[in-house]
Amino acid sequence: MARDQGRPHRDELRIRARQQEAVAGLGQRALAGMKLEHLLDEAAATAAQELETEYAAVLEQTRDGRGLLVRAGHGLPSGVLGAVLPAGPQEMPGYALQSEGAVVVEDFGEETRFGPTALQREHEIVSAMAAPIGARGRHFGVIGVHSASPQHFSPDDAHFLQSLANVLGAAAERARHDDALRDSEARFRELADTAPAMIWTTDERGLVTFVNAGWMRFTGTTLEEELGATWTLGVHPDDAPALQESWDEALAERRPWEREYRLRARHLGYRWIADRGVPRYVGGRFVGYVGTAIDIHERKTMETQLARGYEQEHRIAEMLQRSLLPERLPDIEGLELVPRYLPASAEAAIGGDWYDALERPDGRVALVVGDVVGQGLRAAATMGQLRNAFRAYGLVEASPAEVVARINRLVTSGVEEAMATVLYLVLDRETGEVTFTSAGHPPPLLVAPDGARFLDGGRSVPVGAADTAVFREGTALIPPGSSLVLYTDGLVERRDVPLGRRLDDLARVASPPERDLDRLCDRILTGVLGDRVPADDVALLAVRPKPVPLDRFNLSLPADPGSLVVLRRRLGRFLHAAGASEAETYEVTLTVCEAAGNAIEHAYGPEDATFEVDAAFEGGELVATVRDSGSWRERRSEHRGRGLAIIKGLMDDVEVAAEDRGTVVRMRRRLGEYRAA
Amino acid sequence: MTTPTEIAVERRSGAIVAHLGGEVDMTNAGRVREELLASVPNEARALVIDLSACRYLDSAGIEVLFDMARRLRRRRQDLRLTLPSSSPLKRLIDLTEVASTAPVYETLDAALDG
Chain A
0 MARDQGRPHR
10 DELRIRARQQ
20 EAVAGLGQRA
30 LAGMKLEHLL
40 DEAAATAAQE
50 LETEYAAVLE
60 QTRDGRGLLV
70 RAGHGLPSGV
80 LGAVLPAGPQ
90 EMPGYALQSE
100 GAVVVEDFGE
110 ETRFGPTALQ
120 REHEIVSAMA
130 APIGARGRHF
140 GVIGVHSASP
150 QHFSPDDAHF
160 LQSLANVLGA
170 AAERARHDDA
180 LRDSEARFRE
190 LADTAPAMIW
200 TTDERGLVTF
210 VNAGWMRFTG
220 TTLEEELGAT
230 WTLGVHPDDA
240 PALQESWDEA
250 LAERRPWERE
260 YRLRARHLGY
270 RWIADRGVPR
280 YVGGRFVGYV
290 GTAIDIHERK
300 TMETQLARGY
310 EQEHRIAEML
320 QRSLLPERLP
330 DIEGLELVPR
340 YLPASAEAAI
350 GGDWYDALER
360 PDGRVALVVG
370 DVVGQGLRAA
380 ATMGQLRNAF
390 RAYGLVEASP
400 AEVVARINRL
410 VTSGVEEAMA
420 TVLYLVLDRE
430 TGEVTFTSAG
440 HPPPLLVAPD
450 GARFLDGGRS
460 VPVGAADTAV
470 FREGTALIPP
480 GSSLVLYTDG
490 LVERRDVPLG
500 RRLDDLARVA
510 SPPERDLDRL
520 CDRILTGVLG
530 DRVPADDVAL
540 LAVRPKPVPL
550 DRFNLSLPAD
560 PGSLVVLRRR
570 LGRFLHAAGA
580 SEAETYEVTL
590 TVCEAAGNAI
600 EHAYGPEDAT
610 FEVDAAFEGG
620 ELVATVRDSG
630 SWRERRSEHR
640 GRGLAIIKGL
650 MDDVEVAAED
660 RGTVVRMRRR
670 LGEYRAA
Chain B
0 MTTPTEIAVE
10 RRSGAIVAHL
20 GGEVDMTNAG
30 RVREELLASV
40 PNEARALVID
50 LSACRYLDSA
60 GIEVLFDMAR
70 RLRRRRQDLR
80 LTLPSSSPLK
90 RLIDLTEVAS
100 TAPVYETLDA
110 ALDG
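Sequence lines, in order, name chains A and B.
Per numbering that gives the first Met the number 0, the first sequence starts with residue 0, numbered consecutively.
Per numbering that gives the first Met the number 0, the second sequence starts with residue 0, numbered consecutively.
One thing to keep in mind: the hints can contain errors.
To be verified - Heads up, incomplete: computed chain B residues facing chain A, CB under 8 Å, no partners named:
1) D24
2) M25
3) R44
To be verified - Pair by pair, the computed Cβ-Cβ distance ranges are:
4) D550/A <-> A7/B: 37 to 45 Å
5) D93/B <-> L549/A: 26 to 34 Å
6) A37/B <-> R660/A: 38 to 46 Å
7) A37/B <-> G561/A: 21 to 29 Å
8) R471/A <-> L36/B: 46 to 54 Å
9) P512/A <-> D93/B: 48 to 56 Å
10) V496/A <-> P83/B: 32 to 40 Å
Said to hold, decoys possible - Which bits of chain B does chain A cover? Going by a derived footprint, with three or more residues having C-beta under 8 Å, they are:
11) 58 to 64
12) 85 to 98
Everything labelled a hint here was simulated from the structure, so no lab data went into it.
Virtual Cβ for every residue (Gly too), placed ideally from N, Cα, C.
Here chain A stands alone, though its shape is the one from the complex (with noise of 0.2 Å):
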């Protein structure tokens, strides 16, 4: 069994080969956790075979250091395994145990440092070797090998048997720490079950090792339920996926973790619990968390109550002033109408903005852009009111600040309170002349071309601020090209900045020229706002004048009664624009649609048909003509009688002949005087 001595060169490296091999295996079985009882079964076979002794053992210090208590081994004869040797220096494992290597003795017989255990001399051991395991002062035990034969060692040999011990060091010194963390863990769960509280704990994995009894009396589980992968476990169906994601995230990256979600209850249906753990490390390895839970049924119901409450007025308020605002604003012959709406954030309130255009009477346009003070379903509720108000004055009354002063005496006689700031402003379109009210609101943006401006005056206090009130006028002429630029404050008011700067970078946005007046309303939402969401709701409403050529009019319209409204508006303007007075512009108006009103009634096919209107000066005369597809009838109804009886009369010259393609009624009219009757 013994090896001779003088073995050749190549089985030495054989040896080695399967020494180091051997050693390999045992490490990873220690990696991968193998117990340690195994393990050190393990290293005293594989060192015993290796070393082809009869004996190998593992010896462990016992607790007060003075004894060798055998562990494991290989060969042993009954009763050996569970003894406990003496420790002291004077035998072989004591002296081992204090040593830096291995302890080599090829010959008991002739070996002067100790003497052999009772054990060796009781088996006539001949040649043995030892090696310390654990390192320096905190040592585990020995490892030895024993032959009754004598036995040549190598170094390789020693080096074998130390690798084995360095293997069994770390591995006990693993096994203690978890030996430790259980004591701990044992302790942690004793005082976690008599704690109030709901306390938990996973693995590394994240799987569930523990619930406390507090868990338990919570949800009626037992202990067994619980552990695992029991994440889910009573959570409810809406909360369980994202509270699985969350902690799965959480895991992975070993942060903390923390949620609220509906856990059912023993009894009780589904509460509200939160719930938060940390990871846990020791000695720097993370082990798993340690979390507990609270019960907030009582505070998350009363929190979704409220939350429900507020999502229901917030949605009703947005409904209505969704409602309120016009979806398009009405066309108005002869302007470009831009109107914006821009909420607040989401979760802000609705607020009571508005804007509005509506034609008076007198062919001007009537424009307003208000705010109503507060938010939610009051505020829009009172804009609402507040908008038809002035579209209702804003027709009947033609001055501005009178419409004003109307509107503040329906609000301060009113049963609620309510305040408002408003800016009104009429347009005329042709002119370009402007009046305006501005309730203490900010001031209108001209846009001219060259540059922008405030319009100043008007300034008067916001509707509803007073009963007694002074409400005064502004006036201002726009170049043509210009437009206009009415918003409310949320543009402008930003607590971190002084609204003086906040309208001097408006009006620099607005400044290059811009012939699009939609562009030139984005151009001043992201140029003032940039990507930042408004505290505020903000309302912007741009104009400009379309504008209206001044020599010539030319017209097609359908031959449909409809567009006579069209044509009236249209051709109004153009007078109106030339100079005409009001009853000049009506006895023109007026003739053109009859001679219109014919072509309609004679147009072919109605499909397609259409008619065409062509009006200029010639000196001081206006020429008028009219041509349809048709051919010029006879009256058959005693109105269209009259409707040529009307041409002729309210006209200078009128001409009806027949072309090529239809019928041309040419009309002469000198304007800036009456014809002598």
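Following the hints, position chain B against chain A.
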């Protein structure tokens, strides 16, 4: 775009006063006639059409006035008109000789006094 018209009807000292506001043209003349007729009960002695707030009236509108006068006369009721001389409609009303069938007054009070 449609032609905007409003008719406000009130009863004053035994007569019906219809304030005709807005515009009357061939697209809405028929309806205006129906509304005006419907607003006059049998016992009313007269219908006064107040044209002072009327901004546009065409030949179809003039035709309505003549027709109304005819129908009311058959019911032994008067048709009177109110039109201030400053109205842009003044020349049209003169030209079509509406006054020959329905007297035209400068003010509402004058029209009611008959």
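Against the structure, the hints come out as follows:
Because the smallest distance between the Cβ of D24/B and any Cβ of chain A comes to about 6 Å, under 8 Å, the interface hint for this residue holds. The restraint placing M25/B at the interface with chain A holds, with a minimum CB-CB distance near 6 Å, inside the 8 Å limit. About 28 Å separates the beta-carbon of R44/B from the nearest beta-carbon of chain A, more than 8 Å, and the hint is not met. As the Cβ distance of D550/A to A7/B is approximately 41 Å, the hint placing it in 37 to 45 Å holds.
Between D93/B and L549/A the CB atoms are about 31 Å apart, so this pair conforms to the stated range of 26 to 34 Å. Evaluation of the 38 to 46 Å hint for A37/B and R660/A yields a pass: the beta carbon distance comes to about 44 Å. Under the hint 21 to 29 Å, the C-beta atoms of A37/B and G561/A, about 25 Å apart, fit the expected range. With their beta carbons about 48 Å apart, R471/A and L36/B fall inside the hinted range of 46 to 54 Å.
In this structure the hint that P512/A and D93/B lie 48 to 56 Å apart at CB holds, the actual value being about 51 Å. Checked against the given bound of 32 to 40 Å, the beta carbons of V496/A and P83/B, roughly 56 Å apart, lie outside it. A count of 4 residues in the stretch 58 to 64 of chain B with a Cβ less than 8 Å from any Cβ of chain A is obtained; the coverage claim is therefore met, three being the minimum. Only residues whose C-beta sits within less than 8 Å of a C-beta in chain A count toward coverage, and the stretch 85 to 98 of chain B has 7 of them, enough to reach three; the restraint holds.
Hint check: violations occur at hints 3 and 10; the rest are consistent with the structure.
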